[in-house]
Amino acid sequence: MVEEVTGGQPRPTSGQFFSSLQSCPQRAWADYHLPANLKAKPPAFLGALQQEGVEHERRIYRELFPDALEIPAHLPPAVRAKKTIEAMESGVPAILQAYFIGEGCVGVADVLEWCAVAPSSPVGHLYQVGEVKRSSALAMAHVLQAAWYTELLAEIQKQPWPEAFFILGDRSRHVVRLEETAAVYAAHKTALELLRATDTQPGPHLCRACPSCPWRGVCMPELSASEHVSLVPAISRSTAARLKLEAGITSWRQVAAMTDTQLHALGITADKASSIRLAVEQLQAHGAVTQSRLNRSKLRQLATMTAEYTKIPASAAQEHAAPAALWIAVPGSDATRIPVSADWTADLSPIAAHPYLAVYGATESAATHRILRAANARGQEVIDLLSVVENYIHAPFSGLELEHTAGFVAPPLGPLTQAASRLAAMRSLIDWMAAA
Amino acid sequence: MDIADLQDFLQRERQAAREEASLATLLADTALVDRGDALLGLQIADRGRNSVVFRCDENESRFRAGTQLSMTCGQASIRAVIVDLADRGRLLDVRVDRKTDTLPSGPWTAIEAAIDTSFVVSQCLAKLQPGAPGWSFFNAIAGKTGECPPSQNPLATHVLAVVESVVAAAGAAIDASQREVLEQAARLPSLYAVQGPPGTGKTMLLALVSETLVRLGRRVLIVAPTHQAVNNALTAIHRLFPETPLVKIGDELRRESLADSIPCRAAKTATIGIAAADQSRLVVGMTFLSALHNQGIRASGLSANALLIDEAGQLPLTQGACAGLLGAGVNILFGDDAQLPPVFNGDLSEESLAVSLFRQVRRTSPERITRLSTTYRMNAGLCEIVAREFYSDSGPRLQASPSVAANRFVLPKGESNQRALAPATSLVWLRTPGHDSMQANPWEAEAVATIIAKCLARGKTAKEVAVVTPFRRQAALIRRVLQGLVGPDAELPIIDTVERVQGLTVDLIAISMAASDPDFIASVARFLMSPNRLNVAISRARTKAVIAASPALLDVVPGEYTAFLGRETMRRVLDCAS
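Listed in order, the protein sequences are those of chains A and B.
So for the first sequence, our numbering puts the first residue at 2; every next one is plus one.
So for the second sequence, our numbering puts the first residue at 396; every next one is plus one.
Note that these hints are calculated values from the structure, not bench results.
Each hint should be verified, as a subset may be incorrect.
Said to hold, decoys possible - Here are the simulated SDA-like pairs of lysine to any residue, each with C-alpha atoms no more than 25 Å apart in a straight line:
id, chain 1, residue 1, chain 2, residue 2
1, A, LYS40, A, SER350
2, A, LYS190, B, PRO946
3, A, LYS299, B, ALA419
4, B, LYS539, B, PRO584
5, B, LYS539, A, LEU65
6, A, LYS299, B, GLU507
Next up, chain A with everything else stripped away, as it sits in the complex (with noise of 0.2 Å):
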């Protein structure tokens, strides 16, 4: 949940602010400076992970810490900080959703764990932090966000405790001593304040997080309208900022009007000229700038399948029933209809000759597995477009749900929760990537 700006002035720093700005300055600046309602739905498979998140850490509280005393989320800031300090002073072994407050900040702490007596804190305790992940890795944004919680709780103890821990989706536990990670934490706690200090936005700059970032909503519309350079795959942030600071070159149009000796003058090696040519030209025949080069009569033989649901599952983990229909396009055919019965079985004889079926996302590749599976079809690939565009293409979708990657190419031809408009959708961005 986002605070709103109010009154002019930027949110306070929380923890989740530390990951914002490991992921993209712009980030980290439109969290403390842009209205909440500019940001956009996380995409389904984000809001899934979120709710799965939510539920290992009451697993793992109820595992755990099962004598631990939370602090109520409903309850207004002040008063959960209060209770975190009551908490504290009566020495409970575990508090959960500890709360901190402070001029600018704010954290909430997944675990706070009681390690000493202290009669020389104001609290009389001493306790750590730790956090819960789902994550099977330890991210640096989970070290800085609980040395963030740390330097919080410091306040209130008035003794630092020199570790935090971490509970992980194998629900290992790994200790990190926070001395490690000091400088980093340092360097970007200064980088955080001047971005809530400051009116002057860093600027967006295209990359791999762009697709399920809240602000894409913000950042997309303006990296298409200004030709950014990092509209091209090879220019990555370092070489962007040089070659504004250097030639005033911000846009990709500018960058194609130079030649490869000036290029080579701002330090570009051959080698990453040619990328950006080519990138260059695909961005001049408003096509799909690649990664790297596709199979293109590959993709143009590709048969699409979309299923039809009564009702249309949360998540691809998630046990549903089967689907009603599997459609299937070949290309140069109409679209079918196939029913498929409750044991998920279905007649594909119209796909048998067809070894690479794209469907798009992560339900309807398990759903196309498990009919695959239950019909004993064998040497069929299943091929999820989602993956293919977020592996290999690199252009400014507003998210990565087929409304977004198709609807970047063209506007669909009619409602995508209907079959045969989320099969033609899936074609126009085949047909759209096997130009480039």
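Given the structure of chain A, go ahead and fit chain B onto it with the hints provided.
Below, chain B without anything else, positioned relative to chain A:
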């Protein structure tokens, strides 16, 4: 850890590999060439009944002997396996699945064919049940049998005599940690592991252990994740104990470095020609997967009761957990989990089961591991850095043998004016300028090639120096620049990725990190700054390591915490460099 966890991990790994392969099918052939997964424009240069020699202009692929290929030329398509590569990879000798006289001469496209071994492993995991063979080994590595420190009791006199006789027969002088391993092995442990840091004589020791077990009446089976490792182990045994009968179970095509006198056979025919009296002493070698395939080997009279697993630091846990199915009462692992780990699909590589068998033993039973503590390769300067950064966790400190500690890098034809080649320095950092390079860095290519060219000009041979880089593209660039400096006919040293140089020993290793673009560095940081890879790269050298690296490597904040720790390791290593 239980069997269901391993099965689940195996299936997810298989699914991820399939998805990756599906995605790759949409790449243009040129993109596959860029990734090292394909070769284009191959022409038939010679053809036999079921074999063909293909020629190409340039080979920058990952292909090696044994790689399975899917090859096409117009409408023609064949399956092939590479038997040999010659002329810097430009001549590919392949065995094909049909007669060759009607095959068009070219141009052929060769794409590496994916091999899915998960079915075999899954079936083996399914066999692991309470009371069944392999269950106690699985429980031991799962940490369910409690601590089991190696015995400190003195060896029985006759056993000690066997150990001494083996050492004497080999004519080997062994150090204290090597002796400890031999004596522990002679106690016939059900699970024991030997960590062999670079240059500590692990392979020689494996040969001594094997011979000790043979002389103690054990039938020894040697397995490893790769043919190369099996070949090296068997060849080492043959060199030290030429009278010991040896056989490799496997395709003759994968003979590679195996000594000529060691036969390669199918399991069913393994004992043909071996005198009955020798069969009980027969040492059998095969790849680990082959061993899992051939569990019926027990019926063929090759049943082993002592299993030696070499390169256990590269054996995925999902496979290694099945080692008990091979039915040996004695199980000894050789490896080093501080060097190259097994390769897992990117999304799964941070999971707790994405480890080697060796690493799992370290987690659950560190008391069962002995670390070899003397390197006979690195001089004191290099050893100090390697010991501190990669082997400081526990156990005896790695030290350079007095026989090599004082070694310095010397150019036979006199010193060069190149500061990086000064004899006094063991580790040198060439600070790479610029912030734009990704997988290829012309500045580093020039700098590294110049250093190597000077070494060659001043009397070093191509076998005494080598170059390591994380990226094949950079390796190709360095090769081109160096060839230009030393002339088209000059022999080039090995210039390759870390994976290809494990086992190599040279006087000087040059490491080109290539990447200097911060965004790119961040995106590949876990791979680029892996301490294991850095360890392997530096420790190839006897006397000098030259690292060309951008300071940007040390400024980037990677997304993953483990990559950050790798960055900090690299910082400390570079801080030691002159």
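Here's how the hints hold up against the structure:
1. LYS40/A <-> SER350/A: violated (45 Å)
2. LYS190/A <-> PRO946/B: Holds, because 22 Å separates the two Cα atoms, which is no more than 25 Å.
3. LYS299/A <-> ALA419/B: Between LYS299/A and ALA419/B the Cα gap is close to 11 Å, so the pair holds against 25 Å.
4. LYS539/B <-> PRO584/B: Roughly 17 Å separates the two Cα atoms, so the pair holds.
5. LYS539/B <-> LEU65/A: holds (22 Å)
6. LYS299/A <-> GLU507/B: At roughly 18 Å apart (the allowed maximum being 25 Å), GLU507/B and LYS299/A satisfy the hint.
Of the numbered hints given earlier, the model fails hint 1 alone.
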